[in-house]
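Residues per chain are reported as follows:
Protein chains: 2
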Amino acid sequence: MTVSSNDENSEMVVTPWEVKGKVDYERLIREFGTQPLTKELLNRIESHTGSLHLQLQRHIFFSHRDLDTVVDLYEKGTKFVLYTGRGPSGPVHIGHLVPWIFTLHIQKKFNTRLYFQLTDDEKFLIDDEATLEQTRHYAYENALDLIALGFKPNDTFIIYDVEDIDMLYSTALEVAKHVTYSTARASFGFQDSTNIGWVFWPALQAAPCFIHAKLTGENVPALIPAAIDQDPYWRVTRDVAQKLGYYKPAQIHCRFLPGLGAGGKMSASMPETSIFTKDPPDLVKRKIWNAFTGGKGTATEQRKTGADPTICSIFQYYFYLFEDDDKKLLEREHKCKSGAMLCGECKTDIVFRLNKFLEEHRKRREKAKDTIEQYHVKR
Amino acid sequence: MTVSSNDENSEMVVTPWEVKGKVDYERLIREFGTQPLTKELLNRIESHTGSLHLQLQRHIFFSHRDLDTVVDLYEKGTKFVLYTGRGPSGPVHIGHLVPWIFTLHIQKKFNTRLYFQLTDDEKFLIDDEATLEQTRHYAYENALDLIALGFKPNDTFIIYDVEDIDMLYSTALEVAKHVTYSTARASFGFQDSTNIGWVFWPALQAAPCFIHAKLTGENVPALIPAAIDQDPYWRVTRDVAQKLGYYKPAQIHCRFLPGLGAGGKMSASMPETSIFTKDPPDLVKRKIWNAFTGGKGTATEQRKTGADPTICSIFQYYFYLFEDDDKKLLEREHKCKSGAMLCGECKTDIVFRLNKFLEEHRKRREKAKDTIEQYHVKR
Numbered sequence: 030m031t032v033s034s035n036d037e038n039s040e041m042v043v044t045p046w047e048v049k050g051k052v053d054y055e056r057l058i059r060e061f062g063t064q065p066l067t068k069e070l071l072n073r074i075e076s077h078t079g080s081l082h083l084q085l086q087r088h089i090f091f092s093h094r095d096l097d098t099v100v101d102l103y104e105k106g107t108k109f110v111l112y113t114g115r116g117p118s119g120p121v122h123i124g125h126l127v128p129w130i131f132t133l134h135i136q137k138k139f140n141t142r143l144y145f146q147l148t149d150d151e152k153f154l155i156d157d158e159a160t161l162e163q164t165r166h167y168a169y170e171n172a173l174d175l176i177a178l179g180f181k182p183n184d185t186f187i188i189y190d191v192e193d194i195d196m197l198y199s200t201a202l203e204v205a206k207h208v209t210y211s212t213a214r215a216s217f218g219f220q221d222s223t224n225i226g227w228v229f230w231p232a233l234q235a236a237p238c239f240i241h242a243k244l245t246g247e248n249v250p251a252l253i254p255a256a257i258d259q260d261p262y263w264r265v266t267r268d269v270a271q272k273l274g275y276y277k278p279a280q281i282h283c284r285f286l287p288g289l290g291a292g293g294k295m296s297a298s299m300p301e302t303s304i305f306t307k308d309p310p311d312l313v314k315r316k317i318w319n320a321f322t323g324g325k326g327t328a329t330e331q332r333k334t335g336a337d338p339t340i341c342s343i344f345q346y347y348f349y350l351f352e353d354d355d356k357k358l359l360e361r362e363h364k365c366k367s368g369a370m371l372c373g374e375c376k377t378d379i380v381f382r383l384n385k386f387l388e389e390h391r392k393r394r395e396k397a398k399d400t401i402e403q404y405h406v407k408r
Numbered sequence: 030m031t032v033s034s035n036d037e038n039s040e041m042v043v044t045p046w047e048v049k050g051k052v053d054y055e056r057l058i059r060e061f062g063t064q065p066l067t068k069e070l071l072n073r074i075e076s077h078t079g080s081l082h083l084q085l086q087r088h089i090f091f092s093h094r095d096l097d098t099v100v101d102l103y104e105k106g107t108k109f110v111l112y113t114g115r116g117p118s119g120p121v122h123i124g125h126l127v128p129w130i131f132t133l134h135i136q137k138k139f140n141t142r143l144y145f146q147l148t149d150d151e152k153f154l155i156d157d158e159a160t161l162e163q164t165r166h167y168a169y170e171n172a173l174d175l176i177a178l179g180f181k182p183n184d185t186f187i188i189y190d191v192e193d194i195d196m197l198y199s200t201a202l203e204v205a206k207h208v209t210y211s212t213a214r215a216s217f218g219f220q221d222s223t224n225i226g227w228v229f230w231p232a233l234q235a236a237p238c239f240i241h242a243k244l245t246g247e248n249v250p251a252l253i254p255a256a257i258d259q260d261p262y263w264r265v266t267r268d269v270a271q272k273l274g275y276y277k278p279a280q281i282h283c284r285f286l287p288g289l290g291a292g293g294k295m296s297a298s299m300p301e302t303s304i305f306t307k308d309p310p311d312l313v314k315r316k317i318w319n320a321f322t323g324g325k326g327t328a329t330e331q332r333k334t335g336a337d338p339t340i341c342s343i344f345q346y347y348f349y350l351f352e353d354d355d356k357k358l359l360e361r362e363h364k365c366k367s368g369a370m371l372c373g374e375c376k377t378d379i380v381f382r383l384n385k386f387l388e389e390h391r392k393r394r395e396k397a398k399d400t401i402e403q404y405h406v407k408r
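Here the protein sequences line up with chains A and B, keeping their order. Going by the working numbering, the residue at position 346 of the first sequence is 375; the numbering climbs one at a time, nothing skipped. Going by the working numbering, the residue at position 88 of the second sequence is 117; the numbering climbs one at a time, nothing skipped.
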């Protein structure tokens with residue numbers, strides 16, 4: 030199942046390959062059949078992490094499957110591993126970093142291993158124009174961005190699908206044998222014109238859920254922090270997991286950082302609406318100054334009636350990543366609504382914060398070139 | 030397309046997974062759209078091989094695709110490689126050896142390389158009961174039978190799909206991207222209940238057609254000697270080959286050694302009708318004595334009216350493998366038809382020849398355990 034329909038205002042499409050329109054997260058919880066992250070569950074997590082991560086406090090991660098079971102097991106002494114990944118179709122943008130930053134937090138607090146899959150095969154299969162050379166190149170490039178966030182090589186295992194297929198294939202075969210074409214069609218919307226590589230591919234995305242058992246002999250659950258568009262993969266994987274003698278993979282789902290245009294997630298296919306980690310300062314500035322905000326037609330009008338931060342793409346940047354301090358965020362919101370702060374000031378601030386972050390990120394990213402091999406999944 | 034329909038006498042089914050009924054080879058040439066092996070083409074082959082192999086003389090290999098093109102290229106200085114394989118669903122029987130013996134002949138005469146694929150993944154995917162452990166075990170066992178026939182390690186590269194997936198996967202992805210689900214369904218008869226691994230798998234069988242270019246940089250055609258039931262794979266592969274910049278794979282198709290029952294090919298799923306290379310002498314004897322022949326109800330009657338070698342499974346054994354001498358074969362046929370030789374004598378002879386062959390084969394097979402690693406595809 031994927032969610033795709035006309036709403037009153039804009040069409041919402043949420044599939045593993047496309048997210049557009051205004052995303053209604055309450056509706057996704059209902060239609061995907063996931064669980065909301067309750068206060069009680071957040072309290073249990075907080076009891077292990079000391080304080081609640083910003084992305085949990087602000088409900089950027091808002092939904093889950095079996096996170097409670099993973100916490101139950103953890104409290105009884107069964108650890109879990111983390112698994113997430115990236116489809117290397119192009120360079121990484123700020124939106125991609127959101128769940129990775131959260132993943133790093135969970136990894137540190139629970140002292141656990143991360144398997145990170147770079148799906149160079151998938152991106153080749155689903156894009157007519159893509160070559161394997163390109164997607165494998167981006168896999169390397171994207172891994173640098175992951176490492177730049179501060180992951181440590183001893184417990185971060187990066188899997189490059191094409192290069193590491195020997196580790197994944199037999200597990201993918203076991204999964205594939207339990208997934209009929211009709212199940213795959215219903216889950217992913219496959220059509221007669223879909224190529225047979227793409228049809229098989231969900232088995233490849235499932236394989237890392239079980240790789241820890243394969244490598245170490247320890248059968249523990251995988252917890253997958255990722256944007257909710259990936260959910261169809263895990264529904265299929267969960268059905269198969271128990272038949273193969275593994276735990277069902279658990280998920281914790283995040284929202285999409287909105288793009289700089291009106292509505293939708295940041296998309297690499299609309300480069301003007303995303304900030305990429307390699308964007309130079311002047312390009313960042315230009316993109317931010319062209320961004321969609323909740324501002325009014327004139328400064329005079331806005332000073333009088335205020336602006337609307339709820340529809341402002343810039344405000345979301347503060348909310349997701351660039352204002353940790355709740356008090357300051359609230360202050361900014363009030364100033365915006367009252368007209369005391371105009372869009373120009375807010376944009377100037379975010380350009381400064383973004384460029385400062387990106388400058389540091391790029392330094393760490395450059396250093397990652399020396400250590401990237403240490404992160405390659407160990408056999 | 031696969032051929033499957035009711036004939037006047039018995040239902041003929043010829044697909045990559047099932048062959049049953051009386052096989053009408055003329056009809057297969059028409060319906061598969063292949064070319065008969067003409068006298069002219071046989072003469073051209075003979076001009077390179079010195080004499081025509083028994084299996085060509087007797088039209089056991091009877092049909093082809095693009096063999097003439099391969100010979101054209103060869104005569105102009107472009108070599109070819111051989112590619113064939115085996116689905117390791119169980120032990121090898123005498124019928125499997127027929128095309129391998131011919132392949133060895135072509136390899137020697139044209140001094141060329143053989144890629145031999147053991148499809149442990151396929152046999153796992155298509156059989157509900159099979160485990161990967163089993164199919165991988167049989168892959169090893171079956172490789173011993175291949176090597177026992179006299180192939181040399183320097184130009185015989187055995188590929189075990191699961192173990193060697195790292196060599197095949199990127200080529201399989203390139204192929205898969207060009208094969209839609211609807212093409213695969215039409216070619217292989219896939220259904221909604223087919224698992225997604227099986228749907229992808231034809232791309233894996235295609236990959237070795239192009240592996241030589243990948244390993245050596247030499248873009249040369251592959252010639253595939255195999256039973257005609259595999260033809261649907263090559264039709265799909267041929268369509269894709271040129272899009273990827275490779276030669277279309279050429280084929281030369283053989284008949285099936287009939288089983289010891291009435292009609293059909295030898296099938297590992299009907300062990301009483303096949304002679305396996307590991308069958309001990311007394312079991313060979315029992316199977317032969319229980320075999321279907323063209324004999325009459327009583328010895329007296331048969332001495333008077335003769336028997337019918339055209340429907341006799343034992344006579345086929347002489348024809349395919351155990352009587353090289355055309356004159357002696359003809360003599361046996363005459364004696365059978367006239368009633369001068371009864372089934373008992375013919376059976377006693379074939380039991381002797383079979384057991385002698387198998388005894389030698391098993392000795393070489395045992396020795397192959399020491400050298401099998403030398404045949405593993407070199408990277």
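These aren't lab readings, by the way, just hints derived from the structure by calculation. Computed from a predicted structure; not experimentally measured. Hints are supplied without guarantee of correctness; some may be wrong.
[To be verified] Partner residues aside, some chain B positions facing chain A, computed with beta carbon under 7 Å:
| no. | residue |
| --- | --- |
| 1 | L102 |
| 2 | L161 |
| 3 | D221 |
The beta-carbon is built from N, C-alpha and C at its ideal position, and this holds for glycine as well.
Broken hints, by number | Per hint list: single violation, 1.
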